[in-house]
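Asker: Given the coordinates of chain A, work out where chain B should sit on it, guided by the hints.
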Amino acid sequence: MIQLFHVSKYYDRRPALFDVTIRIEKGEFVLLMGPSGAGKTTLLKLLFCAERPDEGQILVQNRNVARIKSSQVPALRRTMGFVFQDFKLLPKKNVFENVALPLMVQGVSSFDTRRKVAEALKAVGIEHKKESRPAMLSAGEQQRVCIARAIVNGPLILLADEPTGNMDPDLAGEIMELFKTINARGTTVMIATHNRQVVEQVNRRVVTLVQGHLASDEGAGQ
Amino acid sequence: MRRLGYLVREALTNIRLNRTTTLIAVATTAFTLACFGVFLLLYLNLRGMASSLQDDIKVIVYLHDALTAQGVTALQHQIKAEPEVASLTYVSKEQALADFHAQFPSESHLLQGLGENPLPASFVVTLVPKFRSSDAVKRWSDRLRSVPGVAQVQYSREWIENLAVVVGYLELAAVAVGTVLSAASVTIIANTIRLTLYARRDEIEIMRLIGATGAFIKTPYLLEGSVLGALGAGLALVLLKGGFEFFKQQLGEPGRFLGIEAGFGFFPDHVSFLMVLAGLVLGFLGSFVSLFGFGRVRS
Numbered sequence: 001m002i003q004l005f006h007v008s009k010y011y012d013r014r015p016a017l018f019d020v021t022i023r024i025e026k027g028e029f030v031l032l033m034g035p036s037g038a039g040k041t042t043l044l045k046l047l048f049c050a051e052r053p054d055e056g057q058i059l060v061q062n063r064n065v066a067r068i069k070s071s072q073v074p075a076l077r078r079t080m081g082f083v084f085q086d087f088k089l090l091p092k093k094n095v096f097e098n099v100a101l102p103l104m105v106q107g108v109s110s111f112d113t114r115r116k117v118a119e120a121l122k123a124v125g126i127e128h129k130k131e132s133r134p135a136m137l138s139a140g141e142q143q144r145v146c147i148a149r150a151i152v153n154g155p156l157i158l159l160a161d162e163p164t165g166n167m168d169p170d171l172a173g174e175i176m177e178l179f180k181t182i183n184a185r186g187t188t189v190m191i192a193t194h195n196r197q198v199v200e201q202v203n204r205r206v207v208t209l210v211q212g213h214l215a216s217d218e219g220a221g222q
Numbered sequence: 223m224r225r226l227g228y229l230v231r232e233a234l235t236n237i238r239l240n241r242t243t244t245l246i247a248v249a250t251t252a253f254t255l256a257c258f259g260v261f262l263l264l265y266l267n268l269r270g271m272a273s274s275l276q277d278d279i280k281v282i283v284y285l286h287d288a289l290t291a292q293g294v295t296a297l298q299h300q301i302k303a304e305p306e307v308a309s310l311t312y313v314s315k316e317q318a319l320a321d322f323h324a325q326f327p328s329e330s331h332l333l334q335g336l337g338e339n340p341l342p343a344s345f346v347v348t349l350v351p352k353f354r355s356s357d358a359v360k361r362w363s364d365r366l367r368s369v370p371g372v373a374q375v376q377y378s379r380e381w382i383e384n385l386a387v388v389v390g391y392l393e394l395a396a397v398a399v400g401t402v403l404s405a406a407s408v409t410i411i412a413n414t415i416r417l418t419l420y421a422r423r424d425e426i427e428i429m430r431l432i433g434a435t436g437a438f439i440k441t442p443y444l445l446e447g448s449v450l451g452a453l454g455a456g457l458a459l460v461l462l463k464g465g466f467e468f469f470k471q472q473l474g475e476p477g478r479f480l481g482i483e484a485g486f487g488f489f490p491d492h493v494s495f496l497m498v499l500a501g502l503v504l505g506f507l508g509s510f511v512s513l514f515g516f517g518r519v520r521s
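Sequence lines, in order, name chains A and B. Residue numbers for the first sequence follow my numbering, beginning at 1 and rising by one. Residue numbers for the second sequence follow my numbering, beginning at 223 and rising by one.
Chain A on its own, in the form it takes in the complex (with noise of 0.2 Å):
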């Protein structure tokens, strides 16, 4: 599903990543864990496009994203889910229009739209606060939202950038296991965490980054 060959890329000369070589298969679920700094946003940011390597290769769905055209990244990215850890959504857009927006940006109709968003809203547990803004909301739940939105057109790739960032021990909990349910049914799941006792809790299989180094890879067909 995800290969990355030998991939550096490089901030002012200073290697962000450093020669990582790593291969994901379908439905893995797999924790990016390492110190700030170590080089798992550039990761992330890679496989969505949002930055190009300067050496290797990365192949995504069998694309190959080192090269893939400008005008081809939107349909890449239409093909996975991505949570911020600052949840990034639209202050002035309620929770409905807000998990809506992927499907706007895809022409889906009305009627899927609302059958779709419901499902996604339901799998997340905030049905019940559709009509909220996100400001009304805590941040357990606006993560919630922000994974309801990256989930909603059934991507085949959930990318997550330290979801649990600012979150207690037991709400950090409550959404790693909602990772764990989304995967079971299908989804290849790669989250970026730092947080040692989200690993310890999900038990999956853990690549960890030094300094742009991948230092080690456990787990790994778990």
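Please note that the accuracy of each hint is not assured.
Derived contacts from chain A toward chain B, CB cut-off under 10 Å, selection only [as the list claims (entries may be wrong)]:
1. Met80
2. Phe82
3. Leu89
4. Lys92
5. Met104
6. Val105
7. Ala150
Hints were generated in silico from the structure; no laboratory data involved. We put the beta carbon where it would ideally sit given N, CA and C, even for glycine.
Answerer: Same frame as chain A, now just chain B:
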């Protein structure tokens, strides 16, 4: 279709949410376009006036006193046969004197001491429309001067030529002012849209990340710019119409300016429509310029 509805709604929401900025942009665009409109109005009216004066152009061919009646008839036939001539009227010496007394009754005494009638006989010639340009009139008059029996040829050449020069300058000024003010309108709208873009850059980033194409992100802003430009042009037309009516009222009763003011007119409907269209295009260009500079919108 659903996407189009969403994009139009987004554009209208942008306008509604940024009311003050929108109002300022529309008002500034309106004043800018109104300045250009004043030039255009002046140019179109003066051009119309010049054209109608050119239609009225008459050439007066004065004859030698020594010309016999047969000579006058022969010359009349000769001139009438010229391709430039549409019609010709003979004014005898007696008729010329009578006309002078009728037109200048207070100056009649000027001719009393001269004994015999000093005014020459003449032909008043109207030219066919395609020979009414100042160049064509000049060429024909010069040629006629060398015809035996013709004493002098006169027409209101200077006045018409001066008017043609003024209209020419005004046309140049309208083009120059129009170009500068159009650039100003584009800049104003570009800045308005740029402010909106910066205010909504997070939203644009999110749209980009969920797979929205550049066209999907940019369309509401292009629509917004076009609406601002069209509204500005509409307001400019209202201002111009108000100003024009006020000006006409100030001119007072008809006839005060030799009847010229009767020919003054506001823009015809198709020019008004073109002005709104121009506003729309300028607005679109303004948005396009700001989006072009807003690199983050591009995937």
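Asker: Now, for every hint given, state plainly whether the structure supports it.
Answerer: Okay, the hints, checked on the actual structure:
no., hint, result
1, Met80, "holds (8 Å)"
2, Phe82, "holds (6 Å)"
3, Leu89, "holds (8 Å)"
4, Lys92, "holds (8 Å)"
5, Met104, "holds (6 Å)"
6, Val105, "holds (4 Å)"
7, Ala150, "holds (9 Å)"
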